[in-house]
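Quick note, the sequences are listed as chains A and B, same order.
Quick note: the first sequence uses this note's numbering, first residue 1, plus one each step.
Quick note: the second sequence uses this note's numbering, first residue 1, plus one each step.
A few of these clues could be false.
[What the hints assert, rightly or not] A few chain A residues facing chain B, derived, Cβ under 10 Å:
id, residue
1, 32
2, 33
3, 37
4, 41
5, 42
6, 43
7, 54
8, 99
9, 108
10, 110
11, 140
[What the hints assert, rightly or not] Simulated crosslink set (SDA-like; lysine to any residue; CA at most 20 Å straight-line):
id, chain 1, residue 1, chain 2, residue 2
12, A, 136, B, 4
13, A, 133, B, 26
14, A, 133, B, 66
15, A, 136, B, 42
16, A, 136, A, 61
17, B, 68, A, 132
18, A, 136, B, 10
19, B, 68, A, 61
Read the hints as simulated data drawn from the structure, not as lab findings.
By construction, the Cβ of each residue, glycine as well, lies at the ideal position given by its N, Cα and C atoms.
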Amino acid sequence: MPLLVRTFIKTSLAYLVLSVLVAALLFSKTTAATPVLTLVYYHLFMVGWLTQLVFGVAVWMFPVFSREKPRGNENVGWIIYGFLNLGLLMRVVSEPWHALRPNHVATALMIVSAILQVVAGWLFVWQMWPRVKGPKPPPARSKAA
Amino acid sequence: MPLLSRWFVRTSLIYLCLGFLIGGALLWSRAIGHTGVIWRLLPVHVAWLLFGWMMQLAMGVAYWIMPKSAAPETAERPLTELAWASYASLNLSLLVLALSAAEGHFFGALRPASGALLGLSVLFYAAHLWPRIRAVTQAQGASR
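Can you make the complete structure from the sequences, with help from the hints?
This is the structure in structure tokens:
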């Protein structure tokens, strides 16, 4: 399993643990922060765990891009990983902060977080699109044969 | 990857693009305290990412990698019409759901139709895939 794939999958497992801890906190008591923590929990679970796990497995298992570059441009893969996780972590910090004490820094962090996650998703689609392909046609037999 | 899997997976990637875009716009609007018409798209954001992206990708990959045939002596996927019908009704359901987010009584009434199409889609898909989930026979295992 390549390093990029391992990093995606291990990070997704860390988010799974984190999201379940947040869920346990939500189950245990209701506070003023409950509505916004519920949103944080959804996104830790759906983006941090599930989407990231799917990204990692798709990079690993989909048909190869080419013989020379089986997984396409791996640097773009690392940018996707960085943008997705930075965007998600910024959201996890800024959204509750903004809900409890609205301020310009939290607003800016939320906007940057939104942009980073959208760009990560679009870069992933751009990377994977050419790898969604059918089987190679069998080589044509020469007439002499 | 077979043709239908390519359709499922590529369509799921389009929903990923659109679902993330709507999600980004919602987060941005929350940051600036905007509570306008864009929040009507919240159910579309959730459904497009959950069913349009995640479920559709899983359906495409499962169609590709599950044992091909219902019976060891055949090499063709059975009941492919059902799988195509599932693809069509899933995507029609997601488009109808997006229409239902528009203002007006008529559009609001479309939401049950979207739910019914989604239900049909998963029924068609389960009916297609069910016979393909089987044990590998000894002869097949030995030939690997």
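Structure-based check of all given hints:
no.: 1; hint: 32; result: 17 Å, violated
no.: 2; hint: 33; result: 15 Å, violated
no.: 3; hint: 37; result: 15 Å, violated
no.: 4; hint: 41; result: 14 Å, violated
no.: 5; hint: 42; result: 9 Å, holds
no.: 6; hint: 43; result: 9 Å, holds
no.: 7; hint: 54; result: 7 Å, holds
no.: 8; hint: 99; result: 9 Å, holds
no.: 9; hint: 108; result: 8 Å, holds
no.: 10; hint: 110; result: 4 Å, holds
no.: 11; hint: 140; result: 21 Å, violated
no.: 12; hint: 136/A to 4/B; result: 16 Å, holds
no.: 13; hint: 133/A to 26/B; result: 33 Å, violated
no.: 14; hint: 133/A to 66/B; result: 17 Å, holds
no.: 15; hint: 136/A to 42/B; result: 41 Å, violated
no.: 16; hint: 136/A to 61/A; result: 17 Å, holds
no.: 17; hint: 68/B to 132/A; result: 19 Å, holds
no.: 18; hint: 136/A to 10/B; result: 18 Å, holds
no.: 19; hint: 68/B to 61/A; result: 18 Å, holds
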